[in-house]
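A.B. asks: This is what each chain is made of:
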Amino acid sequence: MLFNSIQFVFFLPLVILLFYVLPHRFRWLLLLLASYFFYMFWKVEYALLMFSTTVLNYFTALEMEKQVLKKDRKFILIFSLLFNLGLLVFFKYFNFTSQFLTNITGLLDINLNFPLLDLLLPLGISFYIFQMLSYTVEVYHGRQEAEHHFGFFALYVSFFPQLLIGPIERYQNLGLQLQQRMKFDNSNLVNGFRLILYGLFIKMVIADNLAFYVNRVYEAPGTFSSFDIFISWVFYSFQIYADLHGYTLIALGSALLIGIQLSENFKSPYLSRSITEFWQRWHISLSYWFRDYLYLPLGGNKRGRIQWIFNVALVFMVFALWHGPRLTYIIWGGIFTLFILLEYFVFNGKVGKVNRPFKPFHLSKVFLIFILLTFAWIFFRSESVLDAFQMMHYAMTDHSVSDQLNVKAIVWALLSLFILSDVYLYNTRYDKALEKLPWPLRWLNYAFLIFAIISFSAVDHIPFIYFQF
Amino acid sequence: LIVKEFAKIGVRIIALILILLLCNWLYVEFFFEKDLEKHSSIIYKIRALDADTDILYLGESSNKTFDTNDLDRRKISQMLSEFYPDLKIRDITEPAAHLGIYYEILRKIPGDSNVKTVVVTLNLRSFGLDWIYSKLESSLQKSLLLLKPYPPLVNRFLLSFKAYPSYNEEERTKTIRRLWQEEAFDTLSGMPYSSVSEWDRAMSRKGIRDTLGRYDQAMTELACHYIKSYAFTMNKHYRIRIQDMDRIITLAKKRNWHLVFNLMAENVDKAELLVGEDLLSLMRENRDYLVSYLGERSISVADNLEAVEDKEFIDQDWTTEHYKQKGRRIIARNLAKELKPFYAENYAESANDYTSPFEFFHDCEQNYNWRQEQGLSDEFAFSGKRSLRVDQKNPYGLTFACHLQQLPEHYRNGVVVSFMSSANPKGATPKLVLDLTDSLGQNHWNGIPISNTGLGEWSTFQTNIDFPPSTQSIKIYVLNDSDQPQYVDDLKITFY
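Protein chains in written order, with our numbering: chain A, 866 to 1334; chain B, 323 to 818.
If you are wondering where the hints come from, they were derived from the structure by calculation, not from laboratory data. The model shown is predicted, which means the values in this text are computed figures rather than measured ones. Backbone N, C-alpha and C fix where the C-beta goes; we use that ideal spot for every residue, glycine too. Among the clues, some could well be false.
Computed spacing ranges between beta-carbons, pair by pair [stated by the list, open to error]:
#1 Glu1300(A) with Val350(B): 57 to 67 Å
#2 Ser1229(A) with Leu340(B): 40 to 50 Å
#3 Ser1281(A) with Leu340(B): 27 to 37 Å
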């Protein structure tokens, strides 16, 4: 089920209503059933896959907890890592590897046909597997006790608001909240709806309308002018942000309706003054996952410069490969590695803290960082490296043009509004910012968002970009 | 405290309702029409329907597709007019439409419309999985959302939240494949295969052989496609269409419309040739089911399933209901007979040879796929509402062109051209051009001046020409390059 579907419009209020009507002891069951229903709406078979991995991880953690010797715990951890990552690699890389081997053997005149499986990547698998891994690692380190109640654990894995594309939650945050007795709180309800409203607005009105123009140019860049190609690059930067941020806000809002606080995933990332700062503001739960479970265990920046460079490169490489088997992702990861290293050596490690106050003279840095990010997104969005370079070639040369982007004035107006609101919401969240406004302005805000969502949303199905990962 | 909390919520709900009412007003005032134009343009076809229409024909591409060699390029619905010259027959044609779409269109026909009879195209293929899960289905369903009987803002809400079925290509293919595999034929006659997949595989293995006994890939693929298109029995998946059919019947009763279903011809010759008797019997069984289902409800059906022979199908390498002129004329004639019980007094047997026409008429009311139809104007008319305007901007009026070989054998000696004419006799210098081409490729241009009595006054113009023996083809058109317009109406061309 999608957040921006008619089914969800009925599903969510029903679940919330039942949640508050039911006694506390049955609520976990309601949420678990609702979460599986939410997931099965897409494909029943993959719900079975999620369930079986949940069972395995549940018992793995229990078994790990029982072990006294560290080496035994480590053995179970390795088994868990191999199983979970193996599953992820299987779904993401099996067909790619088969095809690759078939091609290679073909080139060597051996002509072996490696099998291709009729596989669809299960939605959300990258996220719920990472969430379970974080739980297992936390249990291994003793920072978290293994959950003995299978229902709570299954709910932690499948909690529908954040199941498909995060935020990736630690058990210490989400798991424990799911067990708490939640009382009806009007402010949670109001703030939840505010976040959902704003999330829907930036996904359905901003991201999906921009997608229309971006897709047109990326499908046939040679038919558009250089200016249109530049516009499409800028639009994609905002599309991917609005798409992912919109989803996260709806997730946060949906969870907040039942009193659960999920982690924030975005903090005005395009107002970053450095690439390092960007990664502290962009898809925070995922980048922190990589920091905590890969970068820091590798030694972070504590083992000398050479090791640090290697660590940064490796983290971005894994991060890129997590998205899937495409050279464009690897180049995208490589670009970020380069940016981080350059930034470090140029500014001698003083790239500034996230929370330092924003000054007007920072605007030039923000602008520069945005250009660099937009450049990196070209590779992320392109189907192949050749496509990316071809597009850049078209952008830089005078070529014949047969099409025009003709961006509507309303799209420019809505995008400008989104950018302004992102500046206004710098280091705060929509629901909190709205609380400070007098009621007429708040209601004006609601009226505008409701009107815009209904009247200006794109009408075609445009899946959330991160569903493909 | 709880009461206070609920009171707060109550106030908010009321405020929300007020906001929604305001939004609806704003949307209707400033955005609704633009959205209709963009997403539901079918409404314009419904709105454009003449209020005095007697018979409404609902069709898909079968109605309007013609072959490039056709002399008569009219739609089936337009050919029907030949049999009922006094009645106003109009069509709404939407490619890939099916009963579900027709129902929504019919629902939007205004209550004060003059329509007395509705002809609904019934396409056997539209009951198959290939069509139910068609690529075009999403966009068709999407286009109907803004026409739902709810406030416009609610309809736009449904559109924004994608309340229409949508499959991506991968899901669509997988669903169809799965159903082809799972659904067993439920038929009285014994079938050699239990499912479409099994039949398809067997056909693919066996293959169609060419004259030298070699595996013919293209013909085998076509045979498999015939199996996929027609090998189904009216099991649970057909119900979606039957339900739509029932809804149409109920609506027609409520609106006091005569209802006739026009079952389109399928290429049964090719189905039998490529796949065999089994497929043909399955198609017949499905046809019989539909005819008897409608018969039980006292609804007429023009059964054309086997009416058109293979060579009259335009697409020889795919399954479509696109017919050449003869095929369309046969269907129009069958349909005309089915309408006879309602319009016995209006019925007139057409003078035209139904297999190969020799008489052509343009009433200037609708487009009949003649060349240069852009000059049709609604300024004034001799009959109906429109006539043809020929002037400096459009100096070449409606053009009829044909090779004499395209005419029946006994109608290649000459032509009579007649029409109603109106122009300022002093200003305009119009001509009727009869441009003949001989066997050596030489053109013989005959410009016959058109006499007029006055602008707004209609006079009959008629002329004829005997073809010299070497004539191969002819072009007929009105030419006027002066700034004074020449108006022409009811243009008739009769070969003899």
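A.B. asks: All the hints need checking, so say for each whether the structure fits it.
C.D. replies: Hint check:
1. At roughly 33 Å, the beta carbons of glutamate 1300(A) and valine 350(B) sit outside the given window of 57 to 67 Å.
2. Between serine 1229(A) and leucine 340(B) the CB atoms are about 46 Å apart, so this pair conforms to the stated range of 40 to 50 Å.
3. Distance hint check: the CB atoms of serine 1281(A) and leucine 340(B) are about 28 Å apart, consistent with the given range 27 to 37 Å.
Of the numbered hints given earlier, the model fails hint 1 alone.
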